[in-house]
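J.: In the order they appear, the protein sequences are chains Z and R. Residues 1 to 180 in our numbering are what the first sequence lists, from first letter to last. Residues 1 to 180 in our numbering are what the second sequence lists, from first letter to last.
Accuracy of the hints is not assured; some may be wrong.
Which copy is meant is left open, so a pair is good if it fits within one copy or across any two.
Here are the computed lysine to aspartate or glutamate pairs in the EDC-like style, where the Cα-Cα straight-line distance is at most 20 Å [what the hints assert, rightly or not]:
1. 109 to 70
2. 109 to 121
3. 109 to 128
4. 109 to 126
5. 109 to 56
6. 109 to 133
7. 109 to 163
8. 109 to 32
Hints listed in this document are in silico derivations from the structure and should not be mistaken for laboratory results. It should be emphasised that the depicted structure is a prediction, and the values quoted were computed from it without experimental measurement.
Each chain, written out:
There are 2 protein chains.
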Amino acid sequence: MAESTPELNATQAALLGFLHDGPATGWELIEEVRRGLARFWNVTSSHVYRELRTLEGRGLARAGARGPRERRPFSVTGPGRRAFARWIREEPAHEQIRIPLLVTLWFAKHLDASTLAQFVEHHRSDHERRLTEYQAFAAGAGGDESIDPNVRAVVEFGIAYEEAFLGWLAGLPAARATAG
Amino acid sequence: MAESTPELNATQAALLGFLHDGPATGWELIEEVRRGLARFWNVTSSHVYRELRTLEGRGLARAGARGPRERRPFSVTGPGRRAFARWIREEPAHEQIRIPLLVTLWFAKHLDASTLAQFVEHHRSDHERRLTEYQAFAAGAGGDESIDPNVRAVVEFGIAYEEAFLGWLAGLPAARATAG
DNA sequence: AGGCTAACCCTCCACAAGGGAATGTCAAGT
DNA sequence: ACTTGACATTCCCTTGTGGAGGGTTAGCCT
Numbered sequence: 001m002a003e004s005t006p007e008l009n010a011t012q013a014a015l016l017g018f019l020h021d022g023p024a025t026g027w028e029l030i031e032e033v034r035r036g037l038a039r040f041w042n043v044t045s046s047h048v049y050r051e052l053r054t055l056e057g058r059g060l061a062r063a064g065a066r067g068p069r070e071r072r073p074f075s076v077t078g079p080g081r082r083a084f085a086r087w088i089r090e091e092p093a094h095e096q097i098r099i100p101l102l103v104t105l106w107f108a109k110h111l112d113a114s115t116l117a118q119f120v121e122h123h124r125s126d127h128e129r130r131l132t133e134y135q136a137f138a139a140g141a142g143g144d145e146s147i148d149p150n151v152r153a154v155v156e157f158g159i160a161y162e163e164a165f166l167g168w169l170a171g172l173p174a175a176r177a178t179a180g
Numbered sequence: 001m002a003e004s005t006p007e008l009n010a011t012q013a014a015l016l017g018f019l020h021d022g023p024a025t026g027w028e029l030i031e032e033v034r035r036g037l038a039r040f041w042n043v044t045s046s047h048v049y050r051e052l053r054t055l056e057g058r059g060l061a062r063a064g065a066r067g068p069r070e071r072r073p074f075s076v077t078g079p080g081r082r083a084f085a086r087w088i089r090e091e092p093a094h095e096q097i098r099i100p101l102l103v104t105l106w107f108a109k110h111l112d113a114s115t116l117a118q119f120v121e122h123h124r125s126d127h128e129r130r131l132t133e134y135q136a137f138a139a140g141a142g143g144d145e146s147i148d149p150n151v152r153a154v155v156e157f158g159i160a161y162e163e164a165f166l167g168w169l170a171g172l173p174a175a176r177a178t179a180g
């Protein structure tokens with residue numbers, strides 16, 4: 001009875017959420033997501049624009065006049081705010097993770113040790129770089145009172161995740177079989 | 001230059017990978033994925049059957065005669081083995097993570113503390129349960145020499161991930177604002 | 001033995017989401 | 001004016017999800 005199709009998906013909700021802080025164009029929203037949430041809620045530009053059109057069609061967001069370069073500033077409408085308010089009170093769904101490295105690892109018996117070791121090493125350096133970024137961000141935001149503690153918690157999840165990943169990588173049998 | 005479209009996607013590759021251990025029907029493959037890899041590479045049954053048909057169409061897998069209940073046992077062909085061998089030597093793509101809880105958290109300033117605390121608590125008990133499952137599996141497999149160490153490493157990733165998640169949850173400001 | 005039932009096993013379909021190519025637009029420098 | 005490059009959006013194809021539906025068989029019941 002309730003809703004067979006939930007009113008909003010998480011991407012739409014996130015867009016409406018950002019629009020609560022003021023009007024923005026699709027491009028600006030994409031930038032905003034990339035700056036923060038993107039690591040744990042990946043979006044592509046085509047997806048954002050599509051969802052914006054959907055939101056507009058449902059009257060949850062409204063586009064202003066086209067500005068330079070076809071840019072269209074969107075803002076939340078009253079119904080949009082109410083839909084968002086309902087969404088955020090819903091139980092968040094279970095997370096969804098796809099890690100191609102683990103698929104490769106599962107079948108690694110068909111792969112020579114040095115190639116696998118290379119893959120592992122690439123991932124290691126990649127995750128190390130990201131951990132550094134998060135730590136820099138967290139340190140910078142450390143004294144900043146204006147940052148929402150919950151937003152800060154998201155960054156801290158990033159740190160916890162990367163540390164766990166790096167720790168696991170270090171203990172990997174494949175990590176010990178150094179390439180070359 | 002090389003391939004604009006990669007020859008196989010990870011789902012197809014995983015199916016071919018399992019078929020290397022012997023012929024199997026779609027149903028059996030689904031079971032096999034669910035038993036292990038599914039946490040980090042989700043598949044749906046309709047998707048599996050579709051990919052099997054694709055693989056068959058490309059000559060990478062071959063279906064035997066229909067057995068009881070329409071079951072069709074697939075096996076890898078020579079070209080299938082070669083395609084898999086090429087795939088597994090490719091650099092695994094970046095992981096893709098979607099955690100709705102973090103989206104909710106990002107916008108939690110629009111949410112009352114006790115509802116958020118409930119969400120956090122639900123996630124906590126859920127991840128705790130999963131951690132227990134993985135640990136039981138790892139303990140059971142502990143002495144089993146027949147298990148590929150790389151496959152075991154995948155399970156260990158699950159443990160590391162759940163532990164990190166639980167640790168992070170425990171430190172969350174929202175976790176201290178107990179509901180009710 | 002014959003029939004009922006529940007679990008199997010697969011197909012089909014429709015739609016949501018993902019990602020990259022293609023298109024168009026403007027700003028700024030020459 | 002002309003070129004260049006960043007900006008902003010759209011288009012389209014592939015991948016992923018979910019459910020309805022239909023034939024099949026094992027096992028149980030009488």
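J.: Does each hint fit the structure? Answer for all of them.
T.: Cross-check of the supplied hints:
Taking the shortest alpha-carbon separations for residue 109 and residue 70, neither the intra-copy value of 53 Å nor the inter-copy value of 32 Å comes in at or below 20 Å. With identical chains, the CA atoms of residue 109 and residue 121 are at most 20 Å apart within one copy only, with a shortest distance of 18 Å there and 39 Å across copies. For a Cα distance limit of 20 Å, the shortest separation of residue 109 from residue 128 qualifies neither inside one copy, at 27 Å, nor across copies, at 31 Å. When the C-alpha separation of residue 109 and residue 126 is checked against a cutoff of 20 Å, the pair qualifies neither within a copy, at 24 Å, nor between copies, at 32 Å.
For the identical chains of this complex, residue 109 and residue 56 are neighbours neither inside a copy (51 Å) nor across copies (24 Å), given an alpha-carbon limit of 20 Å. Proximity of residue 109 to residue 133 under the C-alpha cut-off of 20 Å is found in neither arrangement, the shortest distances being 34 Å within a copy and 25 Å between copies. When the C-alpha separation of residue 109 and residue 163 is checked against a cutoff of 20 Å, the pair qualifies neither within a copy, at 27 Å, nor between copies, at 27 Å. Taking identical chains as interchangeable, the C-alpha atoms of residue 109 and residue 32 lie at most 20 Å apart only when they sit on different chains, with a minimum of 17 Å there against 42 Å within one chain.
Hints 1, 3, 4, 5, 6, 7, counting from the list given before, are not met by this structure.
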